[in-house]
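Chemist: Please put together the full structure from these sequences, using the hints given.
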Amino acid sequence: MPLIETKNLWKTYQMGTEEVHALRGVSITIEKGEYVAIMGPSGSGKSTLMNLIGCLDTPSQGEYFLNSRKVSQMNDDELANIRNREIGFVFQTFNLLPRATALHNVELPLIYNGSSAQTRREKALHALDRVDLGDRVTHKPSELSGGQRQRVAMARALVNDPSLLLADEPTGNLDSKTSIEIMKLLDALHHQGNTIIIVTHEKDIAQHAHRVLSILDGQIAEDIIVPDHQRNGVH
Amino acid sequence: MVIGSLFRIAVSALRAHRLRSGLTLLGIIIGVTSVMTIISALEGMAGAIEDDLSRLGPSTFIVQRIAIITSEEMYWEKIKRKPINFDAVELIEKSCDLCEKISPRAFQSSRIKYGDQSLRDIFVLGATYNYVDIVDFEVAQGRFQSYEDDLYRRPVVFIGDMIRETFFEGLDPIGKEIKVGANRYTVIGVAKKRGSMFGHSQDDFVIIPLSVFSKQFGFPRRGLSLVIKAKSVDVLDDAMDQVRMVLRAQRHVPFDAPDDFDIVTADSILDLLNSLTKIFRMGLVGISSISVVVGGIVVMNIMMVSVTERTREIGIRKSVGARRRHILTQFLFEALALTLSGGLVGIFLGYVIAEALVGMIDMQITPSALAIIAGLSISTGTGLIFGIYPALKAARMDPIKALSYE
Ligand SMILES: Nc1ncnc2c1ncn2[C@@H]1O[C@H](COP(=O)(O)OP(=O)(O)OP(=O)(O)O)[C@@H](O)[C@H]1O
Ligand SMILES: [Mg+2]
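Chains as they are written, first to last, in numbering that gives the first Met the number 0: chain A, 0 to 234; chain B, 0 to 405.
Possibly wrong hints are sitting among the right ones.
[Claimed, not checked] Subject to a maximum C-alpha distance of 27 angstroms in a straight line, what follows is the list of computed DSSO-like cross-link-like pairs (lysine-lysine):
(1) A:Lys69 / A:Lys31
(2) B:Lys77 / B:Lys277
(3) B:Lys178 / B:Lys230
(4) B:Lys400 / A:Lys139
(5) B:Lys400 / A:Lys69
(6) A:Lys183 / A:Lys139
(7) A:Lys6 / B:Lys400
If you are wondering where the hints come from, they were derived from the structure by calculation, not from laboratory data. Owing to the predicted nature of the structure, the values given are computational and were not obtained by experimental measurement.
Modeler: Here's what the structure looks like:
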């Protein structure tokens, strides 16, 4: 039973009188525990696909099963529930609440599932520890470096123990040294059993994954298993 | 637990924009303040008058040439009336078998003197010995006039507490001689202090026998005022009817014409007072509602700005699993916290202002529960009504669009 199964996903945007097909029939299957990179030129539909997989959006056509549940026809609140429990999302632009501390940012998903204040705090502190930020919990985003901000975002994505970790160009706003840190963290998380999908432009980054999906014009062009010896970050 | 967190989120968002939140609230504060002031002040005023009227017992009524005027036309109509004279008193005594006691009285304003001290514009009441039985006031010292005092036209005077305080502080007033107008009177008693109402002392009066009053000041131009006590509360209406019949006959009022005199009871005065303050109240509450509505529109506007400004925040919250109702509640709480704090400030200010006003006119005021409830429900209502649209707008945002909002 795959973790993710999409069948002929289409996403069409209406731009005035013109129709933009961001995705044209994407069918993929991803098993639990996989580490997948999605690559492709700008505008090819990578983010669109990630948003569908992350339940932030719904397809215009096609079906999407997550953990064998049909997500493609769910309403807003059901999707919110899935995002809250099953998915951790990391964005290129971090998307942290600027006025809140690292701890509060990480607690955010737990607020919406009714966890007690104490549980929230414990889980958030633990998640911050996992990303090595145990000593920055009271800092606000403006008081953190770009790499640290992205790690706060990763802690937030992890805090609910989701079945799926999604990262859309997580290193896009970071320098190469910081990017390596973030990728090490992702590798470690994968090693601990998390299923990870990452969107990237860079071959170096993609080579951390076990499998690379290439998208061209809203369609899957290639689906390659990366041989162990070609992988980055494997020791 | 979710609710508690959402409430804290709302409050901290307001704290982040203190000045803006404060300015937003002006309308609500002004509205609630005025509702609060008006209701408290009117209740205090009605309470004071009620208290005063309660001195007339429930079975007592007053007959006067003119007792109530509510319009200018009424004034010009009533001013033509004939005064009530001593014949009327005699006739009522003879024919009203439901009347227990009748006390005619007359008023005059005059100067009074003791030694080289003098007081101007003192309320001089000419009354009969039974006045003290009908109108409930207490004798603090000495005695009230007797039947004989009136019969033999003795120059005796019963004084209000303010007169005692001014002339006889530290002295025994009984037996002292004071001058009322040009004539000398012996002080026989002092009334218990009544305090003041609407800035006027109610203790600046002297009471002399009506017979002596008529001799000194002549028959009062405005006629006599009759205080009549019915045999019981049950026969009050019938007693008033008997008096009405006697007076109409004596004054030759045609059968189809209205009375040419006024009969009032404490209740009828209170009714009138209530209907007058009700109009007043409704008018002013109307005006304050307008400012609350304007305040509500300002709140709605500021909430729209807040929702737009925080589009990204909404996107972030939704992306980690906030449902529509979480976002709705958060922004509704924000509007509510805003208007409720305005309401609380308004309630406080309204109370302070009402107290100050009332202090100026010497009235007692109690914080009116009605006013507080009105203030709280007005502000809650405004928050809900004007906060729901912006909150719905926030709740319905599409997460992707909200996240990519610049
Ligand atoms: N809200 C939208 N309305 C209209 N067109 C859109 C919208 N979102 C995306 N598109 C279009 O869909 C296509 C795919 O966009 P998408 O963001 O998925 O590309 P991408 O592969 O992530 O590109 P990049 O590498 O630049 O992030 C693009 O042509 C884009 O213009
Ligand atoms: Mg993209």
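Chemist: Which hint numbers does the structure go against, in order from smallest to largest?
Modeler: Per hint list: single violation, 3.
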